[in-house]
Amino acid sequence: MTVIQTAALLDPFIVEVIRHGLSAAAEEMSLVLMRSARSPLLREAGDLSSTITDASGGLVAQGRDIPVHLGAMAYTIRELLKVHPLERFVPGDALIYNLGALGGNHLNDVKVVRPVFVDGVIVAFTLSLAHWPDVGGSWPGSYLATATDTFQEAIRIPPVPIASAAGVNQAVLEMIKVNVRDPVSAEGDLLGQIAATACAERRIQDLCRVYGTDIFLRTIERLHDLSEAEMREAIIGLPDGVFEGEDSLDGDGAGAAGPRIHVRITIAGDEAIFDLSGCCDRLPNFCNTTPFIAASAIIYAARLLSGRDMQQNAGALRPLTIITRPGSVCEPGWDAPVAAGNHETSMRIVDAVIRSMEHVVPHRLAAGGPTTSGLLAFAEPMPGGGWRLLYEVHGGGEGARHDRDGSPATRVHMTNTSNTPTEMLEATYALRVERQAIRRGSGGSGLHRGGDGVVRAYRVLAPKMLLTTCVERMVAPPYGLQGGDVGKTFQIALERNGQVSALPGKANLFLFKGDLVTITTCGGGGYGVAG
Amino acid sequence: MSWLVGTDIGGTFTDIVAVHSGTGDTRTAKVPSRPDAPVDAMLDAIAAIGLQPGDVTRFVHGTTRVTNAIVQDRLPPIALIATAGFEDVLEIGRYRRRDLYNLDIPPKAPPLVPHERCYGLTERLDHHGHVMLAPSEAELGRMVAWVAASGVTSVAVSLLHAYANPAHERLIGERLRRIVPYVSLSHEVNPEAREYERASSTTINAAAMPIAAGYLSELEQRLPLGPGLQVFHSAGGMVSTATAKERPIVMAMSGPAAGVAASVQIARSLGLPRVLTFDMGGTTTDVCLIVDGDAAMTDTRMTGDRPLRQPMLAVHSIGAGGGSIVQQGAGGLSVGPQSAGVEPGPACYGRGGMRATITDANAILGYLDPDAVLGGTVGKGIRVDVAKAHAVVAPIAAVLGLDVVDTALGIIQVANATMARALRRVTVERGVDGRDCALLAFGGGGPMHAAGLADIYGLSDIVIPAASSAFSALGCLTADQSFVQQQTVRLPLAGLCQATLSAHIEALRTTTTAPLLASGSGVGAIRISYVAMMRYEAQSDTTAVPFNLPLDAAALHADFQALHLQLFGYATGEPCVIEGLRVEARVPSSTCIVMTGGGEGHAPQLRRCSFAGARDVETAILSRETLAGIVNGPAIIADAWSTVVVPPGWQAVAEPEGHLRMVRRPA
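Those sequence lines, one after another, are chains A and B. Under my numbering, the residue at position 388 of the first sequence is numbered 388, and the numbers go up by one with no gaps. All you need for my numbering is the position in the second sequence, starting with 1, plus 531.
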C-alpha cells in the first residue's frame, strides 16, 4: 500500500480525507450487517446502527442510521471501559452486551464491540448495534407492557467475549441462543454484527498504515475540536436565557393527564444545560429510560436547534450538560424496565425541547408528529415450539414547518425504520393486510398543514397469535406550533366476531383467527394560524 | 456505404462514434446536445462526422432523456389502477426519510400520481396468486368509465400480488387498451414482490411512455433504419425502438450503462479479472465493478425520490465531478454535491463561474492546456483561463493559510477521497477487495484523476481506454442486443417443483427473446443466461447465483452457500428459497473496433505542473496519438478530448489496441 506523503503535519485536507474514510467505514458496517442479517427487522426495516469511537470511547463517526441508537452509542464504550479497562482487550476480541447500565438503551438492542489494534495499541473501537426481534423474557418480542423490573423483560448480557482471534465463542453463542425465541435469526444477526465490526477494523488499520497512526489520532482530536467549535458557535447564535417546555406520555389511557416530561434549558454563552429533573418519577411499566436514552434524545434535539450540519462526534457534545434526576423516569435505577422508553419516552423528550424553543427558533422546528414507534408486534407460535415474529412500526403525518406542510406517512426524529411491504408480510406471516391507506384530513390545520397519518388493517389467519402494542400519541395529540392546530391521535381497534373494541397503546394480548386489528396513525400538527 | 453509429446523448454534449463495416475506418465527434430537439441533435451529430442519414445502417443511442424527465418531474399526467384499499401505495411509500438531523429539507416528494387519479379496483389475489376475489364486470365497467372521464392518455395498473398471477391485470389491460394509447401493467414492467417499488416502477414507465413514443417515432421517421435503429438500455445491451417505447424505463441508465458495457469488452479483451470503472464527468461520477468479465447487476435505483426497480448494471453515481464546487465549512473542506453545472461552469472556463471547482484546481496545477479549445465546435469552444482559477481558489487558500498550489493539491486529494468512497461502496457490496482491481478511467475527468485516486485507494493498475471521452458512445456501437427480466417465484429449493420452475423459465424465455426475435435475430443466435435470486428461508434479501439448464438443485445450493460465505463471511444449513429468477437473452455483437489514432499529434512540449510532493516541475506534454514506449511521470498525455495525468512515480505505456496502461514506476 502506498504511504501518502504529507507536506504539512496536519493539513486540513488530510483531516477531510480521514473523515471520509471513517464515515465510509461506519456506513460500510451497516451495509455489511443489513446485507447479511437474518431478521426482517434488520434487513427490511434497517433497525441497526454503527459507530466508530476513539480509544476512550468518544464517538468519532457514525452511519446514517437511527438517531436514538447513535446518541446512546456515544456512551456505550465509555461506560464499558469503566468495567472492562483497555488493558484487558487483546487483538481479535469482540465483546457482546446489552446491559442498560453500560451505555445501553433497551435489552433488544444488542451491541458488539471490537477494539482496533495498530502496533499493539488500541486506536479506536468499532461498535455494531442491532435490534434483535426477540431477546427472551416473559413475552415473545421482549416487550412486556406490565413489566415491573428489567429481569422480566429479557436476557441480560454482560460484556463477554463473543469472538476472539480463534473465532466465534460457541459457549457464549449457545448460552444466548437457548434464551431467545428465534435462535436462528439471533445467530445470523450476531454473525453479521461480528463481521461488520471486523470490516471497519480493517478500514481503520488501513487508514493508520497509509497516513500514520500519529496523524490518524491527531485527526480524531481535530475532528472533535471542529465539531465542538461548530456546536459552540451554534449555541452562541441562540439567545441566552432559561427556556422550559413539557409534554406528556399517554399514561394509562384513561384520559387523566399522563406522566410529565419536562425540560429546562439554560443557554449561557457557548454552553447549554438540559435539565430533565422536572420529569415524572420512575413509572411502574416499561416506559422508563436509561440516562443514556435521555441523553440521546437531548443530543438529537441539540443538533436540531443548532440548525447546522456537522460531523456528529464526542466534540459536539462537549458544550452540552445533561442532567437527569435519580429516581425519575430518566434515571430510574438499573432494575427498571425500559423496553418502550427507548423509543417512546425519548421521543417525548425531543417534543419537550421543541416546545421549549417554540418562540426562540421556530423556523428550525417542526410541529408535533408521530413521535412513537407505533409498534404492533405479532408473534405466531410455530409447530415445534418456536415463534415467528413480526415487529411492525407505523409512521404518521409529520408536523408542519414554518415554510411548508408536513409530509404524510413518515417516521420522524429519533427513528427512521421502514414498514414491511404487504406482499412480503403476507408471504411470511399468517396475516392478511386488508387495507393500507392515507388517513385523509388527519393533519392539523394552520398556515401550513400537518401531514396525514395512515390506516393499516391486519386480519389474523393463524388459530392463535400474540400481539404487543407499544404506541403513544393516543391521548396527548401531536401539538401545533405558532397557533397551528393539533393533529389527530393514534387509535388501535380490534374487531372480533363483529364487535369492535379499542385497544390500549401498551398491551400484551392474545389474538384469534378472524380477528382484525386496525391501526390508525396520527396526523402532524399544523404551523401558524390559517390565513 | 455502410456505417455503424453509436451516440451518447448527455445533458451537455452528444458524443458520436462511427465505424465503417467494410474498412473498419472510425470517425468521432462531439456536438452540443439539444434537449428541446433531441432528434435534430442526433442528425447534427451524424452530419458532424461527414455522413448522411443514408450512409448509416445501424444507429444505437444512449440518452438521459427519460431520466431527466423523471428527476425534473416533467412527466405527463397518468392514472393508476390499484387494488381497492391500496390505492395510496405511492403516497405511503416506505416511511423512511432522507436526512436524520435536518428538518430543513424538501418534504417527501408528492406521489407521481395524485390521489384523485388513483382508482381502487375491487379484486384480490393472495401471495400464491390464488384468486380471492375476481373483479366483477360491473367493477371493470366503472373503472373504464372513470379512466375515460379522467382524460389521461397513459394508465399504470399495479395490483397486489400481480407478480404471482397476471390474470387480473391482463383483463384490465385489455379493457384499457380500447380507450387509451398507453397502458403499463406491473406484471410486465416489473414482476417482483414489494408493492411500492413495483407500483413506482410501473407508474414511472407509464409516465415515460408518451415522452419516449414522441421522440422515438420522430427518429424512426427521419432515420428509417428498421431494425438497425436501436436504443441502449440500463442492463448493458440494446433493444429496438419498438421495445423501448413499450418499456421506456429500460433507458433510465442507458448512458452510464453504455460506458460500463464498453469497459466489459476491454476487461475481457485484456483478460483483467477485476475492474473498477471510473467515469468522471462534469457533475457526476459513475463507478461500477466488473468481475470475470461481467458487470455487477442491481435491481433498484432511486430516480429523484422514487424507486425504479428493474435489472440493471450496478452503476453507483455520486454527485461529484469536474464542476463540483469546493465548500469550506467548520466541519472541514468538501467538494460537491453542489455543482457549477454547464452554466456557468468552472471559473476557469470564463463563463461567469465565481466559485472554485475541481476543474479550477486542475487548471492551477497545470493539467489543462491553456491553448486548447474544449468542446471543439466553432464559436462554442471554451479556452481555459488559469488566472480565473487562481482568483477563486485564492480566498480559500487565504483562510487555510496555505498558498494556492497547495490548496489546489488539497482540493484534488479531497475530491479523490470522495471518489474513493464510491469505489469502496461498490466493492463492499460484492465482497471484493477493491485494491485487487484494475481501474478503468474514462469520461472527461477520469484519466486526470486516476493516478491520484489509485494512490489514495491503494490500486496499482490503471487502464485509460482508447476514445476515453466518447466511451459511452463507443459502448453503444459495440453493444450486444439483449433483454432482461426478473420475476418473483418463491420456490423452496428442497423438493423443488421442476414443473413449476420450467413453466416460469419458459415464460421468461419468451418474454426476453421476443424483442430480439422481433428485431430480426435468429433463434440460434440468442444466448440465454439464468440467475437464481437465492435466500435462506428466514432472509429477505437475496444473492444472485448463476445456473445452467437443466437445473441441478444440489449444485445451485452449493453455489449459493459458497457465494454467501464469500459475500457475508458465513453460510448455514438452513433451507433455501429461490425467491426470483433473472433471465437474460443476448445476441453477442460481432462489432469489434480498434480506435486508431485519428489526429496527427504534436511534438512534445513542456509546461510547469504541480503534483503531490513535487511542486512546479517541468513536465512533458505528450500527444496521445504519437505516443510510443514507456512514459515516466511526471507527464501529461493529451488528445483532443481528454487529459491523462501521469504523476511522478507512475509510468504509462501505450498498448497495441490504443489503450494506455499506467502502473507505478519500479523503484
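In case anyone wonders, no lab produced these hints; they're calculated from the structure. It cannot be assumed that every hint is accurate.
Claimed, not checked - One side of the interface only, derived from the structure: several residues of chain B facing chain A at Cβ under 10 Å:
id, residue
1, 620
2, 632
3, 959
Beta carbons are placed, not taken as given, at the ideal position from N, Cα and C, and that holds for glycine.
Verification of the supplied hints:
1. 620: 7 Å, holds
2. 632: 5 Å, holds
3. 959: 5 Å, holds
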